[in-house]
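All chains, full assembly: derive it from the sequences and hints.
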Amino acid sequence: MKPGLWRQHLRAGLAAFEVTLRINAPDSFVLFTIVVQPLIIAIMAMWMLVERGAANALYVVVGSGMTGLWSTLLFLGGNSINWERWTGTLELMVGQPTPVAVIVFGKNAAVVFQSLLSMVASYTVAAILFRQPLSVEQPLLFAVSLLLTMVAFVSFGLVIAPLFLLSPAVQHFQNAIEFPIYMLGGFLFPIALLPGWTTPFSYLLAPFWAARALHGASTGGASLEELAFDWGMMLLLGAIYLLISGRLIERMLRKARSEATLRLE
Amino acid sequence: MDAVEVRSLRRVYRTTIGVLRRKAKEVVAVDDISFSLRPGELFGLLGPNGAGKTTTVKMLTTLLIPTGGTALILGKDVVHQADEIRARIGFIFGGERGLYWRLSGIDNLRYFASLYHVEPAVARKRIASLLELVGLADRGKEKVEGYSRGMMQRLHIARTLLHDPEVLFLDEPTIGLDPVGARELRQVIRDLQAEKKTILLTTHYMFEADALCQRVAVINKGKIVALDTPEALKSNVADLAVVEMEVFGVPQDVLERVRSLPFVDTVSLENVDQRQSLRVQTRRGSEAVPDLVGVLSGLRVGRVIVREPTLEDAYVRLVGGEA
Amino acid sequence: MRKLVLNLRLFIDGALLSYIALFRWLQPHTYLASKVVMPLAQILFFTLMGIFASGPGNAAFYAIGNAIHLASINGIYGVTMSIGGDRWSGALPYIFGTPANRLVLFSGRAFFHVLDGMLGVIMGLAWGVLLFGLDLSQADLGALALTILITTFSTSGLGLLLGCVSLVSIETMFVNNTFYFLLLAFSGANIPLTEMPGWMQSVGWALPLTRGIAASRQLIAGSTLAEVAPLLAGEFLLGGLYILLGYSLFRWFEFQAKRRGTLEAF
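Protein chains in written order, with numbering that gives the first Met the number 0: chain A, 0 to 264; chain B, 0 to 322; chain C, 0 to 265.
What the hints contain is simulated information worked out from the structure, not anything from laboratory work.
Heads up, the beta-carbon is just placed ideally off N, CA and C, and yes, glycines get one too.
Check the hints yourself; a few may be wrong.
Said to hold, decoys possible - Ranges between beta-carbon positions, derived for each pair: (1) C/ILE11 <-> B/LYS24: 32 to 38 Å; (2) A/GLU224 <-> C/TRP204: 48 to 54 Å; (3) A/TRP5 <-> C/VAL202: 52 to 58 Å; (4) A/GLU225 <-> C/MET172: 36 to 42 Å; (5) C/LEU135 <-> A/PRO189: 27 to 33 Å; (6) A/GLU17 <-> B/PHE206: 40 to 46 Å; (7) B/ALA23 <-> A/ALA142: 53 to 59 Å; (8) B/ASP272 <-> C/ARG258: 37 to 43 Å; (9) A/GLU224 <-> C/LEU129: 37 to 43 Å.
Stated by the list, open to error - Derived lysine to any residue pairs resembling SDA-like cross-links, with alpha carbons at most 20 Å apart: (10) B/LYS220 <-> B/THR14; (11) B/LYS222 <-> B/TYR12; (12) B/LYS195 <-> B/MET0; (13) B/LYS142 <-> A/PHE16; (14) B/LYS75 <-> B/SER7; (15) B/LYS75 <-> A/PRO98; (16) B/LYS233 <-> B/THR265; (17) C/LYS34 <-> A/VAL169; (18) B/LYS140 <-> B/GLU95; (19) A/LYS254 <-> B/ARG9; (20) B/LYS140 <-> A/ILE22; (21) B/LYS142 <-> A/ALA24; (22) C/LYS34 <-> A/ILE176; (23) A/LYS254 <-> B/GLN80; (24) B/LYS142 <-> A/TRP82; (25) B/LYS142 <-> A/LEU20; (26) B/LYS233 <-> B/ARG283; (27) B/LYS233 <-> B/HIS203; (28) B/LYS222 <-> B/HIS203; (29) A/LYS254 <-> B/ILE64; (30) B/LYS140 <-> A/LEU20; (31) B/LYS142 <-> B/LEU130; (32) B/LYS75 <-> A/PRO96; (33) B/LYS233 <-> B/PHE206; (34) A/LYS254 <-> B/GLY67; (35) B/LYS220 <-> B/VAL26; (36) A/LYS254 <-> B/ASP76; (37) A/LYS254 <-> B/GLY68; (38) C/LYS257 <-> C/VAL167; (39) A/LYS254 <-> B/ASP82.
Here it is in structure tokens:
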């Protein structure tokens with residue numbers, strides 16, 4: 000690709016990022032998904048886990064932040080393309096020269112960035128309401144894990160956004176898959192509590208490796224080798240998602256163009 | 000090379016009826032149409048609602064994949080080379096959709112400018128001048144959700160010109176605009192054509208096609224029933240005169256009798272307020288008037304005019320309209 | 000007599016229409032996702048978290064709490080959608096205008112959601128038995144069924160109240176979602192009320208579900224109907240109170256709308 004084109008795509012992606020932030024800011028569904036739900040889960044987990052000494056407050060903050068991150072990606076990122084269809088702008092999106100994948104990337108980056116607020120909200124609640132100690136053991140390693148988490152989530156979003164175009168009943172599926180990923184990802188309890196046959200599924204999920212890295216770096220319980228392995232898995236899965244997303248988006252949009260479903264009638 | 004080349008384009012929709020026992024039904028929206036646009040031409044696609052105009056435009060703008068036939072825009076295929084086309088065309092479908100309501104008019108335009116790879120410095124200037132052009136300069140900072148339908152339409156026009164496209168597809172662009180706005184828009188379209196842009200315009204207003212277009216294709220039920228300059232289309236009915244009679248309630252059997260008269264070509268009835276206007280196309284012109292009045296004997300007849308046929312009459316004849 | 004038959008017919012028509020309208024697009028896979036997988040996932044998540052917290056011996060506590068909580072899916076979402084649905088379809092002005100007994104109309108709508116809600120709870124308890132070894136052998140099943148009925152009834156009462164709020168606000172889903180989660184946290188489904196500060200306990204007792212969950216736990220542990228009767232009575236009365244509040248609010252809105260001529264705004 001010509002260097003000039005790279006720059007233009009980058010600019011378009013940044014524009015999509017900025018527009019999404021702007022549009023989402025006053026939205027109540029966004030507020031609920033990013034702040035209210037993870038906050039209530041954090042409060043519940045504080046009582047259920049911390050009060051009983053099963054885990055410390057930081058574990059709950061990270062874990063409930065992860066639930067917020069996943070729900071955000073599922074409902075907001077996953078509906079990137081569907082949302083354009085619902086608001087009547089999908090035809091314009093498809094008919095312009097920037098690849099839709101670039102736009103979806105920018106949108107997902109925006110919602111993932113916004114959902115970091117989940118972690119901040121949980122952190123604040125834990126510190127103020129429950130007055131728990133909250134120091135991250137390995138801040139630098141935690142920061143790297145957080146960065147890779149965002150990358151992995153954004154690229155996962157690039158795969159689910161076109162897949163969610165497949166059926167009009169997609170919202171039911173989204174509701175159904177929300178909590179299972181909380182469990183398979185080991186966000187608020189170890190996956191050892193789940194039956195053994197689910198473990199391979201956990202390993203295929205970027206959120207699982209992200210949670211492992213973040214829990215490990217925040218509580219200091221993970222060695223550098225273990226963290227590096229988690230990072231490696233996130234990068235690997237992220238690369239795979241990125242590779243298949245371009246083709247997937249193109250195929251799904253082509254299908255929509257063929258079946259005249261770019262516009263809701 | 001033609002700017003737009005359409006060959007045997009076809010689009011079939013498959014729908015299912017019924018909830019329990021689903022039956023497949025096929026609707027042919029566009030039925031083997033062919034036409035071409037020369038570069039810099041202002042071409043009109045004229046037809047009643049549901050004729051297939053919008054479906055055709057959606058196929059040409061790469062939003063809909065044809066079921067059969069081919070279409071080339073600037074020499075590129077709409078299905079296989081869509082990416083190359085998208086940067087060089089602009090399109091409006093109008094209506095209230097297609098804009099981000101929570102953003103201001105200017106922010107909408109800035110976003111689209113970046114998607115269309117317009118350099119920021121150029122975009123800034125163009126947005127200002129385009130807002131001026133469509134008369135939204137003082138409303139640009141307001142959120143689109145507060146815009147009237149006409150304003151949204153005008154913003155669409157500004158949007159479509161941001162990247163200075165070579166070919167424009169305007170699907171019923173003056174719908175939703177008040178008469179003054181519509182007239183201003185038509186002038187904008189003429190100016191764009193003067194800049195050597197190729198424009199495909201769809202409309203169901205005959206006078207609009209007549210006033211703007213160099214050539215007109217009349218489309219009805221998915222097929223092109225005529226393709227020519229407005230003058231040539233009018234000359235098709237030049238041998239006909241139109242007798243327009245003001246009537247006050249014409250029963251169906253009388254209407255049939257008028258229709259069956261040997262010298263009558265077409266008959267259409269239009270209701271305006273309390274009055275009805277009976278339009279009869281006939282070769283005999285004013286000579287036919289006494290016979291017509293005779294058939295209508297007993298019925299009250301007001302003003303009678305014999306006039307030259309317009310494009311509308313040609314159109315009525317072409318789509319077999321009897322109203 | 001004729002009035003009774005008329006009201007009965009109104010009740011049934013309203014109930015049936017409301018339910019069908021809401022689920023007319025329902026197909027096997029969407030039903031599966033919404034009514035089976037989602038509730039199961041929720042029960043699993045919180046029960047496993049509870050087990051992580053306090054060991055597998057306490058699984059029953061969480062399984063019961065989360066199963067009964069499922070009543071709020073129909074109670075909140077189903078019922079508020081029934082009411083809000085009038086607004087979106089523009090039928091509200093016509094309903095305000097009819098001489099129909101509005102309480103009958105209201106009840107008709109909630110009725111099928113109560114039934115569907117009970118079904119959801121029973122499925123939830125079944126999962127508890129299958130996956131966490133919930134032991135129902137000590138329970139008076141009839142009393143348990145009654146408890147479930149009363150609990151879904153009172154949750155629907157809350158739904159009616161929230162539904163009225165939805166008539167004047169566009170943030171329906173936000174309110175619904177928030178209450179759904181607040182019930183999870185404060186009804187004793189996952190956290191024993193005794194572990195909460197005093198004022199939070201009061202909030203908990205003012206909510207539907209709380210007494211129903213407490214009664215269910217006691218019944219499954221072997222208590223008799225007589226022993227849980229006070230809780231059931233309280234739950235039932237609370238439900239009635241919510242319905243009364245919702246109905247009053249509905250009538251007040253109607254009065255305001257007619258007075259100001261803003262019926263169309265609905």
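Tested hints:
| no. | hint | in the structure |
| --- | --- | --- |
| 1 | C/ILE11 <-> B/LYS24: 32 to 38 Å | 35 Å, holds |
| 2 | A/GLU224 <-> C/TRP204: 48 to 54 Å | 52 Å, holds |
| 3 | A/TRP5 <-> C/VAL202: 52 to 58 Å | 56 Å, holds |
| 4 | A/GLU225 <-> C/MET172: 36 to 42 Å | 41 Å, holds |
| 5 | C/LEU135 <-> A/PRO189: 27 to 33 Å | 29 Å, holds |
| 6 | A/GLU17 <-> B/PHE206: 40 to 46 Å | 44 Å, holds |
| 7 | B/ALA23 <-> A/ALA142: 53 to 59 Å | 57 Å, holds |
| 8 | B/ASP272 <-> C/ARG258: 37 to 43 Å | 38 Å, holds |
| 9 | A/GLU224 <-> C/LEU129: 37 to 43 Å | 40 Å, holds |
| 10 | B/LYS220 <-> B/THR14 | 18 Å, holds |
| 11 | B/LYS222 <-> B/TYR12 | 15 Å, holds |
| 12 | B/LYS195 <-> B/MET0 | 15 Å, holds |
| 13 | B/LYS142 <-> A/PHE16 | 19 Å, holds |
| 14 | B/LYS75 <-> B/SER7 | 16 Å, holds |
| 15 | B/LYS75 <-> A/PRO98 | 18 Å, holds |
| 16 | B/LYS233 <-> B/THR265 | 15 Å, holds |
| 17 | C/LYS34 <-> A/VAL169 | 15 Å, holds |
| 18 | B/LYS140 <-> B/GLU95 | 18 Å, holds |
| 19 | A/LYS254 <-> B/ARG9 | 17 Å, holds |
| 20 | B/LYS140 <-> A/ILE22 | 15 Å, holds |
| 21 | B/LYS142 <-> A/ALA24 | 14 Å, holds |
| 22 | C/LYS34 <-> A/ILE176 | 13 Å, holds |
| 23 | A/LYS254 <-> B/GLN80 | 16 Å, holds |
| 24 | B/LYS142 <-> A/TRP82 | 19 Å, holds |
| 25 | B/LYS142 <-> A/LEU20 | 16 Å, holds |
| 26 | B/LYS233 <-> B/ARG283 | 17 Å, holds |
| 27 | B/LYS233 <-> B/HIS203 | 16 Å, holds |
| 28 | B/LYS222 <-> B/HIS203 | 15 Å, holds |
| 29 | A/LYS254 <-> B/ILE64 | 9 Å, holds |
| 30 | B/LYS140 <-> A/LEU20 | 18 Å, holds |
| 31 | B/LYS142 <-> B/LEU130 | 14 Å, holds |
| 32 | B/LYS75 <-> A/PRO96 | 14 Å, holds |
| 33 | B/LYS233 <-> B/PHE206 | 12 Å, holds |
| 34 | A/LYS254 <-> B/GLY67 | 16 Å, holds |
| 35 | B/LYS220 <-> B/VAL26 | 10 Å, holds |
| 36 | A/LYS254 <-> B/ASP76 | 17 Å, holds |
| 37 | A/LYS254 <-> B/GLY68 | 18 Å, holds |
| 38 | C/LYS257 <-> C/VAL167 | 14 Å, holds |
| 39 | A/LYS254 <-> B/ASP82 | 16 Å, holds |
Of the numbered hints given earlier, the model fails none.
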